[in-house]
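Kindly produce the complete structure, drawing on both the sequences and the hints.
Protein sequence lines correspond, in order, to chains A and B.
Under the numbering used here, the first residue of the first sequence carries the number 1, and numbering increases by one thereafter.
Under the numbering used here, the first residue of the second sequence carries the number 1, and numbering increases by one thereafter.
No lab work stands behind these hints: they were computed from the structure.
All values reported here derive from a predicted model rather than from experimental measurement.
A hint or two may mislead.
Said to hold, decoys possible - Straight-line Cα separation of at most 16 Å, EDC-like style, residue types lysine to aspartate or glutamate; simulated pairs:
#1 319(B) x 240(A)
#2 319(B) x 441(A)
#3 236(A) x 441(B)
#4 115(A) x 435(A)
#5 236(B) x 206(B)
#6 236(B) x 366(A)
#7 319(B) x 215(B)
#8 236(B) x 97(A)
#9 319(B) x 206(A)
#10 115(B) x 435(B)
#11 115(B) x 158(A)
#12 115(A) x 365(A)
#13 319(B) x 363(A)
#14 115(B) x 339(B)
There are 2 protein chains.
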Amino acid sequence: MALSRSADSVESVLAWIDARRAEAIADLQRFCRQPSVAAQQWGMEEMAAMVQEAMRGLGTEPQLVTTRGFPVVVGRFDGASERRLAIYNHYDVQPPEPLDAWTTPPFDAAIRDGKLYARGVADNKGNLVARLWAVRAWRETQGTLPCGVTFLVEGEEEIGSPHLGEFAAEHQDLIQADACLWEAGYREPGGALALYAGVKGILYVELRARGVAYDLHSSNAPLAPSAAWRLVEALKTLRDPAGRVLIPHFYDAVLPATERERALMAQFPKDAAALRRLWQVEHLLGPEDDPAALTERLLFEPTCNICGIWGGYSGPGSKTVLPATAAAKLDFRLVPDQDPLTILAQLRGYLAAQGFGDVEVVELEDSERPAQSAVDTPLMNALVRSARRVYRMEPLVLPRIAGTGPMEQLCQRYGLPAVGGAGVGHASSRNHAPDENIVVDDFILGIKHVAALLAEFASTL
Amino acid sequence: MALSRSADSVESVLAWIDARRAEAIADLQRFCRQPSVAAQQWGMEEMAAMVQEAMRGLGTEPQLVTTRGFPVVVGRFDGASERRLAIYNHYDVQPPEPLDAWTTPPFDAAIRDGKLYARGVADNKGNLVARLWAVRAWRETQGTLPCGVTFLVEGEEEIGSPHLGEFAAEHQDLIQADACLWEAGYREPGGALALYAGVKGILYVELRARGVAYDLHSSNAPLAPSAAWRLVEALKTLRDPAGRVLIPHFYDAVLPATERERALMAQFPKDAAALRRLWQVEHLLGPEDDPAALTERLLFEPTCNICGIWGGYSGPGSKTVLPATAAAKLDFRLVPDQDPLTILAQLRGYLAAQGFGDVEVVELEDSERPAQSAVDTPLMNALVRSARRVYRMEPLVLPRIAGTGPMEQLCQRYGLPAVGGAGVGHASSRNHAPDENIVVDDFILGIKHVAALLAEFASTL
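See the structure below:
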C-alpha cells in the first residue's frame, strides 16, 4: 500500500495549493476573460492557445489535434506509477446572451462576496484550471505526478461535440488510460459533491406539420386542413399526461436500476416540497411522497420534452389566420441501453402508423448515446476517498445524472470507465444562464480534490 | 316605374366611369399607400382624414363620430327618391406581417399583370373607394343620386369592431336607412359574384398554460410539469381530427339550413379538386365528393381554429429547454343562433371539467354574434339585377358567408336588412395574407355595379 508513503507528499501538495491561492484565482480570471464561444466562433483560437501554453508551463508539449471543427488540446504527463487518468474538459463556453441580464459583464470575471462571476466559470473553465493547478502542485512540490495524466480538452462541447467521436476513433493511442475524470461537478445545497458514473443520451428532433400551401383566412376552417391542429394531434400521440412515452418499444431497451443503484439513490432523496417551491408548481411528475423514487425517476426515466412549439400568429392582439405550417422541437432524454437512432426510427414508424406520415421528423443535431459505468470503479473509489479528505464530508455516489454529455463516444465505447461530479460548481451556478458563478473557495477545494485524487488513483487497483 | 327613365342616365354614369378609369385607379393607390393598421395604431388618424376629405370632394360634410376607439366616418348624401341605402365599410386594415413574404412592400400598391397588390386593397379599401367613385359618377354626370346614401366607415373592423355596437346604439338617427350594403365582395373562380345575407359570428380567445416558474434545463423533464405539453393536452380535448368541436352543448343553438337556403347553396357547389389544387393538400375536411354539402359545411359549420401557437425555443438549431409558459390563439366561428358569450362560458366550464382549470382562457377581442337576413330582400333583388347588367352574368345568392363582420350589432339588432357580396375582390385575393390583391378590372366593375345599384335600389319597393 502506497497510502501511508504518499500521505506526507499529499499534505505538502495541499499546503502548496493554499499558499498559492491568490495566484490560482488570478489564473482562473485570466482564462475566464478570454471569450471562447464555439457557437459564435468567438475567441476559440486564442483560447486553445491559452490552454496549450498552460500545459507547456507544466512541462509537457501538448498536441493540438485538428478535427473538422475546433481542435482538441491533448496534454500527456507521465507519473510515478503505470496508472493513467484521462481528464475530459472543454475550452468552449455557451453564448453569453442576454447580456443585459448580467450584473457584471460575462467576461469581466468579477469577484463579489466570495463568488467569481463569468460565462464558463462553472461550465467548465473553473474545473479545467483547477485540474491544471492540481498537476502543477504535484510537479512544483514533488517533481513528478503520482500517476500519469492525459488532458483531453475539446472545443465543441457546448455545440454538441459533433467531432469528438471521430477524434476518439482516430486517436485511441492518445486516449488510452485506466479511467476518465469527467468534466464538471456541482456541490449540492447541503454542500456534498454528487459523484456519478453515467449520463443520459439525447435525441433532438423537429416535428414539422404542413397543411395548406399558405396561411389562409380562418373562415376557411370548415374545409381547410390545419397544420397547427395536425401538429397538436401528432404530438398528443407521443406522450401521456403522466410523462409516459407512447411510442411502442420505446422502453424495451431501458435497464432498470439495480439494488446497488437504488441503495445509492436512497442517499440522495429529492425533496418534492422544495422543488415545488422552487418551481412554483402544485405538483411534480412522479411519486411526490417517495423522495428516493423521485430521484430514481429523475435519473432513470427517459423523457419526451417539447423544447419549443410554434405556428401561425403569436403577436399582440388577434389575427384570424389558419396557419400553413406548425412545428415543434423535441428532446428525448435516453437512458441505458436506449439507442437514439433506434428511437428515431421508432418515432418515425409510429407517427406513420398513427396516420401522421405527413409530419416530417428532422434530426436537428447529432444525438448522444447514454453511457453508464459501474458505480464501484477504482476511479469512483479514489474520488470518494479524496473527497472525504479534502471536503471533510461524505460525497454522494449516483449511478448517473439527468443531463447529457459525450461520455459514450469518448469513453464507454472503448471500455474506459468514467466518473463525473468532481468539480468547482454549486447548485446555483447558473450554467448557460446570466450570472454564471462559482464560490472561490470551491475552486481551491477543487484543486485540492484532484491533487489528492491523483495519489489515491495511483494506489488503487 | 323609373327603370326606363333612369336607363339612359345609368348608361351615361357607366360611360363616365370608363372614361375616368386611370384617375380612379390612382385614387385607390393613394388610399392603399396610407397604412391604417388598427391593431398597431398606425396611420389611423391620417386615414380617417383621407376618407373625410374624399367625402367633402363629393359635396357633403362628413361627420367624424368619436367612439372610445377609432372614430366612425359618416357621410350622408340625399337622393332623388326617399329610399336610403346605408353602406358599411372600414378604413382599417390587417397588420402586414410577415413583411418578407410580400413580393412588393404591402403599402407600395404596386400593379403587376393587371393586379393591384396592397395590404387592405381587397379588405376593404378597394370597395370603399369604388363606392365613393360610384357616388361621384352620379353627381358629376347627373348632379344628384337616385337614392339617399349613408356611408358608415368604421376604423376597427380588423380588431373586432369593439365600439361599433355602442356607435349604433347611440346614433340610430345617422344609421336609419332602408337596407345596408355590406363591406366587401369577391368574384368566384368562375367569375360570378356571390351575394349573401348573413355572416358568421366569432369568439376569439387565448389559451395560456403555465408550468414551472421559469424556463428549466430540459434534463428536469422527468419531474417538472411542462406548459407546452399542458397546452397540447388541453387543445386536444377541444376538437376531433374531423373538425368537430368536442365542447358539450356547443352545437345546441345551431340552426340547420332551410330548404330554400339549401337550394341556393346547390347553385354554389364547391369544387373539391380545385380547392385541393389551390391549397396543395391531399384532402379537405368534409364531404369531398358532394359539392353542395361542401358549400353547406363551409357556410353552416361552426369551427374551432388555432390562429397561433407558441412556447419555448423556436430559433435556429437546438436548445434544451423546458418552457415555463405556452399559449395558443383560437377563433371559434359561430353560426345562427350561437351566442359567443355562451360558448365562452361552455369552453371555460369544459376545460375545468376536463381537469384543465389551470389553463387560462382570455377573451382577446370583443366577440361578434352571427347575423342572418332573409335571402329575398329588395336590396338583394336590386343587387342581382345590377350585377346582371354590369357583369353580364348571373350572381349567386347565398344565405351567408363563412366570414365574420359586425352585421348583427349594426343592422340585425335594428331590423335593417343587410346584403354583402358586391365588391372588388376575387377568390385568390389573399385577405389578411401577404400579397393581398385585386384585379384592377374588377375595381372598375365594382364602381359600375354600385352605380347601377343606386338606380335599381331607388326604384325597388
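Do the hints match the structure? See the list:
{"no.": "1", "hint": "319(B) x 240(A)", "in the structure": "violated, 23 Å"}
{"no.": "2", "hint": "319(B) x 441(A)", "in the structure": "violated, 32 Å"}
{"no.": "3", "hint": "236(A) x 441(B)", "in the structure": "violated, 48 Å"}
{"no.": "4", "hint": "115(A) x 435(A)", "in the structure": "holds, 10 Å"}
{"no.": "5", "hint": "236(B) x 206(B)", "in the structure": "holds, 15 Å"}
{"no.": "6", "hint": "236(B) x 366(A)", "in the structure": "violated, 31 Å"}
{"no.": "7", "hint": "319(B) x 215(B)", "in the structure": "holds, 11 Å"}
{"no.": "8", "hint": "236(B) x 97(A)", "in the structure": "violated, 35 Å"}
{"no.": "9", "hint": "319(B) x 206(A)", "in the structure": "holds, 11 Å"}
{"no.": "10", "hint": "115(B) x 435(B)", "in the structure": "holds, 10 Å"}
{"no.": "11", "hint": "115(B) x 158(A)", "in the structure": "violated, 51 Å"}
{"no.": "12", "hint": "115(A) x 365(A)", "in the structure": "violated, 34 Å"}
{"no.": "13", "hint": "319(B) x 363(A)", "in the structure": "holds, 13 Å"}
{"no.": "14", "hint": "115(B) x 339(B)", "in the structure": "violated, 39 Å"}
Of the numbered hints listed earlier, those contradicted by the structure are 1, 2, 3, 6, 8, 11, 12, 14.
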